[in-house]
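Residue-level listing of the chains:
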Amino acid sequence: MRLILSYAKLGPMAFVAHLDFQQLWWRIFRLAGITLEMTQGYNPRPKMRFASPLATGFQGEGELLEVFLEEGQNVVERLNLVMPQGLKVLAATQVPLAFPKVTALVDALAYRVKLPHPLDSHECIGREAGDYLLNAKLEGQELNLLLKVENQRTIRPDILAGACFPGFDARGFLISRTGIFARQNEKISPLPAGLLLLD
Amino acid sequence: MWDKLQAILPFVEKPARYIGNEINSVVKAKEEVLLRFALAFPDVYEIGTSYMGFQILYEIINSIPWAQAERVFAPWPDMEAKLREHKLPLYGLETKTGLKDFDLIGFTLQYELGYTNLLNMLDLSGLSPYARERTGFPLIIAGGPGALNPEPLADFIDAFVLGEGEEIVPEIAETVARGKKQGWDKEKTLKSLAAIPGIYVPKFYTPAYDAQGKSIGIQPMGSFPPLKKRIVRDFASYPLPKKLVVPLVQPVHDRVSIEICRGCARGCRFCQAGMLYRPVRERPMEQLVQQGKMLLQNTGSSEISLSSLSSADYSKIEELVGTLMASGDTSVSLPSLRVDSYSVELARLTRAVRKTGLTLAPEAGSQRLRNVINKNVREEDIFSAARAAFANGWDNLKLYFMLGLPTETDGDIEGIVRMVWGLDKLYREIRGNKGRLRMTVAVSTFVPKAHTPFQWAAFLGREEVKRRQRLLLEKLRPPKFKVQTMDWEESKLEALLARGNRKTGQAIFLAWQKGCRFDAWTEHFRPQLWAESFAQTGIDVEAALGAISLRAVLPWEHIDIGVSKDYLLRELGRAQEAAETPDCTRDKCSDCGVCAAFAVTPLKRKGKAECD
Ligand code: SF4
Numbered sequence: 000m001r002l003i004l005s006y007a008k009l010g011p012m013a014f015v016a017h018l019d020f021q022q023l024w025w026r027i028f029r030l031a032g033i034t035l036e037m038t039q040g041y042n043p044r045p046k047m048r049f050a051s052p053l054a055t056g057f058q059g060e061g062e063l064l065e066v067f068l069e070e071g072q073n074v075v076e077r078l079n080l081v082m083p084q085g086l087k088v089l090a091a092t093q094v095p096l097a098f099p100k101v102t103a104l105v106d107a108l109a110y111r112v113k114l115p116h117p118l119d120s121h122e123c124i125g126r127e128a129g130d131y132l133l134n135a136k137l138e139g140q141e142l143n144l145l146l147k148v149e150n151q152r153t154i155r156p157d158i159l160a161g162a163c164f165p166g167f168d169a170r171g172f173l174i175s176r177t178g179i180f181a182r183q184n185e186k187i188s189p190l191p192a193g194l195l196l197l198d
Numbered sequence: 000m001w002d003k004l005q006a007i008l009p010f011v012e013k014p015a016r017y018i019g020n021e022i023n024s025v026v027k028a029k030e031e032v033l034l035r036f037a038l039a040f041p042d043v044y045e046i047g048t049s050y051m052g053f054q055i056l057y058e059i060i061n062s063i064p065w066a067q068a069e070r071v072f073a074p075w076p077d078m079e080a081k082l083r084e085h086k087l088p089l090y091g092l093e094t095k096t097g098l099k100d101f102d103l104i105g106f107t108l109q110y111e112l113g114y115t116n117l118l119n120m121l122d123l124s125g126l127s128p129y130a131r132e133r134t135g136f137p138l139i140i141a142g143g144p145g146a147l148n149p150e151p152l153a154d155f156i157d158a159f160v161l162g163e164g165e166e167i168v169p170e171i172a173e174t175v176a177r178g179k180k181q182g183w184d185k186e187k188t189l190k191s192l193a194a195i196p197g198i199y200v201p202k203f204y205t206p207a208y209d210a211q212g213k214s215i216g217i218q219p220m221g222s223f224p225p226l227k228k229r230i231v232r233d234f235a236s237y238p239l240p241k242k243l244v245v246p247l248v249q250p251v252h253d254r255v256s257i258e259i260c261r262g263c264a265r266g267c268r269f270c271q272a273g274m275l276y277r278p279v280r281e282r283p284m285e286q287l288v289q290q291g292k293m294l295l296q297n298t299g300s301s302e303i304s305l306s307s308l309s310s311a312d313y314s315k316i317e318e319l320v321g322t323l324m325a326s327g328d329t330s331v332s333l334p335s336l337r338v339d340s341y342s343v344e345l346a347r348l349t350r351a352v353r354k355t356g357l358t359l360a361p362e363a364g365s366q367r368l369r370n371v372i373n374k375n376v377r378e379e380d381i382f383s384a385a386r387a388a389f390a391n392g393w394d395n396l397k398l399y400f401m402l403g404l405p406t407e408t409d410g411d412i413e414g415i416v417r418m419v420w421g422l423d424k425l426y427r428e429i430r431g432n433k434g435r436l437r438m439t440v441a442v443s444t445f446v447p448k449a450h451t452p453f454q455w456a457a458f459l460g461r462e463e464v465k466r467r468q469r470l471l472l473e474k475l476r477p478p479k480f481k482v483q484t485m486d487w488e489e490s491k492l493e494a495l496l497a498r499g500n501r502k503t504g505q506a507i508f509l510a511w512q513k514g515c516r517f518d519a520w521t522e523h524f525r526p527q528l529w530a531e532s533f534a535q536t537g538i539d540v541e542a543a544l545g546a547i548s549l550r551a552v553l554p555w556e557h558i559d560i561g562v563s564k565d566y567l568l569r570e571l572g573r574a575q576e577a578a579e580t581p582d583c584t585r586d587k588c589s590d591c592g593v594c595a596a597f598a599v600t601p602l603k604r605k606g607k608a609e610c611d
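Chains A and B, in that order, give the protein sequences. With numbering that gives the first Met the number 0, the residue at position 65 of the first sequence is 64, and numbering never jumps. With numbering that gives the first Met the number 0, the residue at position 442 of the second sequence is 441, and numbering never jumps.
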């Protein structure tokens with residue numbers, strides 16, 4: 000059974016590095032008593048795929064994770080029961096085995112960056128981002144970005160924002176990923192809850 | 000506090016060390032909490048979170064409705080710099096409360112090279128490292144093996160906790176809470192604590208001298224119970240913790256560890272743990288099986304490590320391993336194996352060891368020297384252990400030895416070389432031309448430790464240690480063999496602190512002031528600063544490292560661990576005759592005194608140990 004989970008990684012959990020985070024998920028499944036299918040081979044691992052790894056320090060408001068399970072009764076409730084604070088499963092969608100890999104679905108990523116002080120224009124972003132910038136919106140100290148993903152390559156929002164704040168250490172931006180987007184495509188059916196569509 | 004942390008965490012390595020929020024961590028509502036108790040480990044998160052002792056105390060304290068235990072670890076230097084830059088205090092991971100606002104901070108002293116971290120953690124909390132300069136709360140207490148030679152930290156710690164913590168820690172919590180309700184000041188609270196057996200409040204004691212000015216040891220100024228370590232006599236009635244906090248920065252191994260027995264009766268004469276944790280007590284097998292399964296369930300782990308100073312000595316070890324493994328998806332690991340084929344067979348059952356390789360600790364290269372240190376292992380045991388390992392497909396062997404043991408000669412070191420070459424030959428005989436043996440020879444330097452038969456022995460000088468290390472390095476060359484040696488300077492510091500007295504504390508303070516931190520980490524260890532610090536305090540380092548007169552009053556003489564000095568002296572004498580003393584759980588009692596001291600019935604195990 001193949002499931003795509005939509006979840007949030009908030010607050011302190013943002014600082015858990017990706018590899019540790021992956022292990023944490025394995026553990027959460029074991030704690031919830033849900034058996035993950037394993038990969039074949041000498042060193043079997045649970046079959047689990049993140050749509051797009053989140054940089055350490057970024058929060059994620061609508062992240063996607065693909066898993067293969069032996070059974071899937073009440074997965075959302077069972078997982079949320081054992082989740083540490085700051086992690087929450089928002090929805091689960093069963094998809095057919097022929098469904099595209101979750102990593103292949105990602106065409107764009109949306110971020111919200113908290114700026115050290117308000118900006119008059121986001122021109123500096125445009126120059127730095129080039130083709131990758133699909134949309135940028137400034138609201139006071141908040142910068143919302145929609146960034147293209149092509150061949151699984153994209154550009155980091157902290158580096159972009161850094162272009163407007165020379166001398167500011169880009170690690171210091173507070174960043175949330177607000178959504179994962181796909182282009183309209185007849186192969187994406189059913190549409191997994193939590194996956195947003197580019198219009 | 001979180002807002003402020005959020006601003007600095009992006010700039011430090013492994014920020015998850017500082018966020019708390021782990022599965023099974025406990026956060027209580029502020030209104031419920033009367034007593035805030037920090038469990039402080041003076042090393043980095045990944046090391047501290049794998050220390051089982053704190054997992055036990057964490058659960059015990061948090062099971063008291065009005066007490067909140069929180070954990071705190073030494074911040075890595077990058078985090079220290081950020082905390083200082085932003086003037087943020089060190090805090091408990093659970094509620095992010097600054098340590099200054101706790102009632103009690105309890106350090107564990109697992110190894111001497113964490114002592115500068117301890118001072119640094121106090122300083123980062125906004126507290127003076129010196130106990131006499133802290134007039135109010137929190138009280139700083141310290142336990143663990145280091146508390147049994149407390150003098151080097153006596154100027155910094157308000158109260159030492161001697162021996163095992165399960166029983167005494169709730170007594171401490173209750174006393175301090177009672178004081179808090181009744182408005183006791185620090186002095187009054189310390190007086191009440193000092194009345195609890197097993198608590199040593201150094202400010203109520205003073206170093207005393209005879210008419211000639213010779214030390215006669217630390218004497219009480221008033222009437223207090225004897226300074227005797229505490230143990231839990233009824234071991235089984237203190238069950239394992241039901242849950243373990245699961246670290247968010249993964250340790251190398253993801254496993255739960257269950258303590259199957261406490262204490263070891265083999266009586267290695269260099270081994271401090273072997274003396275401090277006596278008498279030997281075992282947990283009933285049924286309890287271990289049931290609780291082990293519960294722990295796996297509550298932590299989401301799939302591997303159990305059976306911890307003890309010598310796991311293969313547990314009476315029903317085979318049955319225990321078998322039962323735990325019968326449930327299918329559980330793997331079992333045995334961390335401290337004896338050197339014999341029985342242990343290897345046992346390890347073979349467990350699968351888990353398979354991938355990692357086999358570790359054996361003969362400690363010395365000749366039978367004579369093994370008799371001197373009472374490591375009851377014969378050449379045949381080593382070879383039969385290796386034979387069993389090679390025959391079962393192991394290609395990775397790690398051997399532990401010590402250099403600089405009392406009476407060691409070049410002949411003993413050549414014994415190591417012969418043994419290693421012999422094992423290599425054995426591997427060829429068994430495996431033919433198939434396979435490739437990877438053998439690692441890890442050589443540490445002998446450090447005399449308090450409360451052991453070798454506590455009076457000398458620590459060997461630098462040139463001689465280097466020369467002996469070279470003997471090995473020249474004859475055991477890569478790529479065939481890998482020899483790992485210990486940095487002499489680090490062992491030397493360990494030796495100075497392990498047998499230190501009150502004056503040593505001044506050197507620790509100076510070293511910390513000069514910037515020493517994380518001395519156990521080679522990349523941070525700064526021997527030059529330590530040398531300056533010792534020089535400034537006027538301590539004669541050469542003399543401190545030399546042999547101690549049997550007539551001298553030892554700096555830890557006032558601390559009673561139940562093992563008699565008479566026994567330690569007898570054992571030292573037997574070492575000089577290269578005479579072995581048998582394991583008292585399988586052979587006759589050697590009258591170390593501990594069973595009588597705690598009125599326990601000596602544990603008897605069936606049969607002789609394989610290697611006897
Ligand atoms: S008193 Fe005897 S039986 Fe008890 S631990 Fe000591 S040597 Fe062993």
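It is worth saying that the hints were derived from the structure and are not from the lab. Idealized CB from N, CA, C, for every residue including glycine. Possibly wrong hints are sitting among the right ones.
As the list claims (entries may be wrong) - Below are the SDA-like pairs computed for lysine to any residue, each with C-alpha atoms no more than 25 Å apart in a straight line:
1. 292(B) to 82(A)
2. 13(B) to 32(A)
3. 113(A) to 11(B)
4. 87(A) to 120(A)
5. 86(B) to 168(A)
What the hints assert, rightly or not - Calculated from the model, a selection of chain B residues having no Cβ within reach of chain A, i.e. all distances over 12 Å:
6. 1
7. 13
8. 16
9. 20
10. 42
11. 88
12. 95
13. 213
14. 249
15. 297
16. 429
17. 481
18. 525
19. 530
20. 552
21. 594
Status of the stated non-contact between residue 42(B) and chain A (beta carbon gap over 12 Å)
The claim holds: residue 42(B) sits with its nearest Cβ about 19 Å from chain A, beyond 12 Å.
Between the alpha carbons of residue 87(A) and residue 120(A), is the straight-line distance 25 Å or under?
violated, 35 Å
Taking the minimum C-beta separation from residue 552(B) to chain A, is that value above 12 Å?
holds, 50 Å
Beyond 12 Å on every Cβ pair: is that true for residue 481(B) relative to chain A?
holds, 24 Å
According to the definition I'm using, a residue is off the interface if its beta carbon is farther than 12 Å from all beta carbons of the partner; does residue 13(B) meet that for chain A?
violated, 7 Å
Just to be careful, I want the Cα atoms of residue 13(B) and residue 32(A) compared with a cutoff of 25 Å; is the pair within it?
violated, 29 Å
Restraint status (C-alpha distance of residue 113(A) to residue 11(B) at most 25 Å):
holds, 20 Å
Given the hinted pair residue 292(B) and residue 82(A), is their Cα-Cα distance within 25 Å?
The hint holds at about 21 Å.
Report holds if the minimum CB distance from residue 530(B) to chain A is greater than 12 Å, and violated otherwise.
Per Cβ check, residue 530(B) is outside 12 Å of chain A; nearest 37 Å; holds.
Given as non-interface: residue 88(B), partner chain A, CB spacing beyond 12 Å:
holds, 18 Å
Claimed clearance of chain A by residue 213(B), with the beta carbon kept past 12 Å:
holds, 56 Å
Outside-interface status for residue 95(B) - nearest CB in chain A farther than 12 Å:
With a cut-off of 12 Å, residue 95(B) comes too close to chain A, as the shortest Cβ separation is near 10 Å.
When the structure is compared with the earlier hints, violations turn up for hints 2, 4, 6, 7, 8, 9, 12, 14, 15 and for no others.
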